[in-house]
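If you want the building blocks of each chain, they are given just below.
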Amino acid sequence: MSLDYLWTGFSVALQPQNLAFGLIGCFLGTIIGALPAIGPINGIALLLPIAFAAKLPPESTMILLAAVYYGAEYGGRISSILLNVPGDAGAVMTAVDGYPAARQGRAAEALTISALSSFVGGILAVIGLTFFAPALGLIAIKFGPAEYVALMVFAFATLASMVGHEPIKTLIGCTLGLLLTTIGLDPTSGAYRFTLDQPELHDGIEFIILVIGLFSISEVLLMLEHQMAGRLKPIPVGKGFPSWADIKASFWPTIRSSASGFVIGVLPGTGASVASAVAYTTEKRLLDRGTFGKGDLRGIAAPEAANNAAAGGAFVPMLTLGVPGSGTTAVMLGALMLYNITPGPQLFTERPEIAGGLIASMYVGNVLLLLMNIPLIGVFARMLQVPNMWLIPAIVILSVLGVYTAYSSVMSVLIMLGIGVVGWGLRKLGFDMAPIVLGFVLGKVLETNLRNALAISGGDPSILVDSAISIILWIAAALIVALPWWLARRKRAGKMAPLSAEASG
Amino acid sequence: MAHATPTTNRSGKIAAAILLAIAIGLGGAATQIDYAFSSDPLGPKAVPLILSGALALFALYYWFRPGEAEAFPQGPLLLRSLCFIVTCFATVALLDLVGFLPAMTVLIGVTAYLFGATVPGAAFIGVAQAAFWFICFKYALGTYLPMGTLFSGG
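Chains as they are written, first to last, in my numbering: chain W, 59 to 563; chain Y, 964 to 1117.
I should point out that these hints are in silico values taken from the structure, not numbers from a laboratory. Hints are supplied without guarantee of correctness; some may be wrong.
Covered stretches of chain Y, going by a simulated chain W footprint (3 or more residues, C-beta under 8 Å) [what the hints assert, rightly or not]:
# : region
1 : 977 to 990
2 : 1052 to 1061
In silico lysine to any residue, SDA-like type, Cα no more than 25 Å apart, as pairs [to be verified]:
# : chain 1 : residue 1 : chain 2 : residue 2
3 : W       : K352      : W       : F438
4 : W       : K352      : Y       : E1031
5 : W       : K502      : Y       : L1020
Heads up, the beta-carbon is just placed ideally off N, CA and C, and yes, glycines get one too.
Could you build the full structure based on these sequences and the hints that come with them?
See the structure below:
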């Protein structure tokens, strides 16, 4: 494919006014993303009417909105790592290792690794977008319900890595997450399930309500206990940069997660939360020696790279097919339509300044974001030195505000608080929150697609292994479960062999 | 972070019993799901039934092997935890009635007090933070925040 459109794009993106829009977008996005529940979609929805009213040219608007998108993706990590309050769905897995790292006084290191891996994930995704967009767009439309089922089974297979020393608690957590997805209106039959006649439950439990409750409120309750017991000590800020060894160790997880995140991002309807969950669990499966979940920087690099790569991947179906890959790209698609621009393969030839400008602005935006955030990391990390009597009320009110402003409903906030209290109880009992969240993320996609696939085949389950994509994904799922087990067995057998040789000798 | 304080496994057994009750309740409710037509052979009941069955089995296993758990708070610590939980629920429940500023001033003030502020200090933190977040969200981000039907007569 000719890259002429990209050179046109760079000439547009590097114009001073567009560079300024990129910078403003990155800054606003970072601030917006750092506030819980106010994710990129809110930021874009907020700025779109302003950009349109200000009569910005379409390429400037798209550059501004894409910069907000990237900025918010990064901003979500700040509250996730520092406060255990994920700014958006894609930031949940970052909290799993990011928050323990911050509590150990390694907030600056965690934020730096997060910035670097976000940058790599973002850049690799834009490279993928540049070279493979039309081809990938065509593969994405080959994903039917059966292929999504296989993809979700693959994602669940990676979950096997979450099984700690008490597998029953992981299984219960995952089942609870799956059960929570069944609450609300069943889109296939129109039946209401477990709604207790509460209108607020008709749409089910929203992801952000679950996550803020489970992570933020339960954490405050635990901190309250530690405060009383005198165990809540001021957190040191620590040194600014991760060591070269840490950066080196995070290199391959970042590359692998960028690749998987990009592919998952390309698929409409999956998005950053699935991408980061799959990346984290895969890396945990491959690399964990008991350090994941305890502040391992590789556990931050993987979901961050995947999440940003997925954000880039979501542009592939939007630009090539006019099918949004995520909620945020759906709003951006609306923005293009406001300017009477129809996305599709012809966009690259007929309006190269739009397609090229957007893609070029992603390269520029990623660099700007890194340059802007690295010097600010020390400032962000110092947030943890704010006395608890100031910091923790801020966490509580941001949790309440995050849910209230997203759903304008007191009942939604009460549900979030209820989930928080239950989460606190579960954490006291030794349950990990991640399997609940992962069950929730994957459950709805799995059920909907399983039922759609069976509806298409008239109940014949062979549809689930009817295409090459499905078969590859099923085999990958089987391998990801069986391979570590087989390798561990081989290792044990290898250790036993010299012993038996000694015994017989 | 969580301190592993192994305790008797009584709390695990209680949790297992609650989970079992939830599983039975959800399973029972799933059989009652009412629908006229579904285009798929599974229907809306199958997945909840399978999941509640699985949860019941896991809960039974958990009952026999509850594993390690931290001790739940008791005495003054329990009182403080309950104070925080009740304040959260009460102030949020009153949000629409009394409005954002009074409700959140109380919530922030009580939380600040529980985390070591003196009473005047907590009151100051409550007022200052409620006003700060109000300005941020209402004016900078343009989001809707309730002003309180009690005072506006709405």
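Structure-based check of each hint:
Only residues whose C-beta sits within less than 8 Å of a C-beta in chain W count toward coverage, and the region 977 to 990 of chain Y has 3 of them, enough to reach three; the restraint holds. With 5 residues carrying a beta carbon less than 8 Å from a beta carbon of chain W, the region 1052 to 1061 of chain Y meets the three-residue requirement, and the given coverage holds. Of the pairs offered as hints, the one joining K352/W and F438/W holds, with about 21 Å between alpha carbons and a cut-off of 25 Å not exceeded. Restraint check: the Cα-Cα separation between K352/W and E1031/Y comes to about 18 Å, which is no more than 25 Å; the hinted pair holds.
In summary, the hint linking K502/W to L1020/Y is supported, as the alpha carbons are separated by about 22 Å, within the 25 Å threshold.
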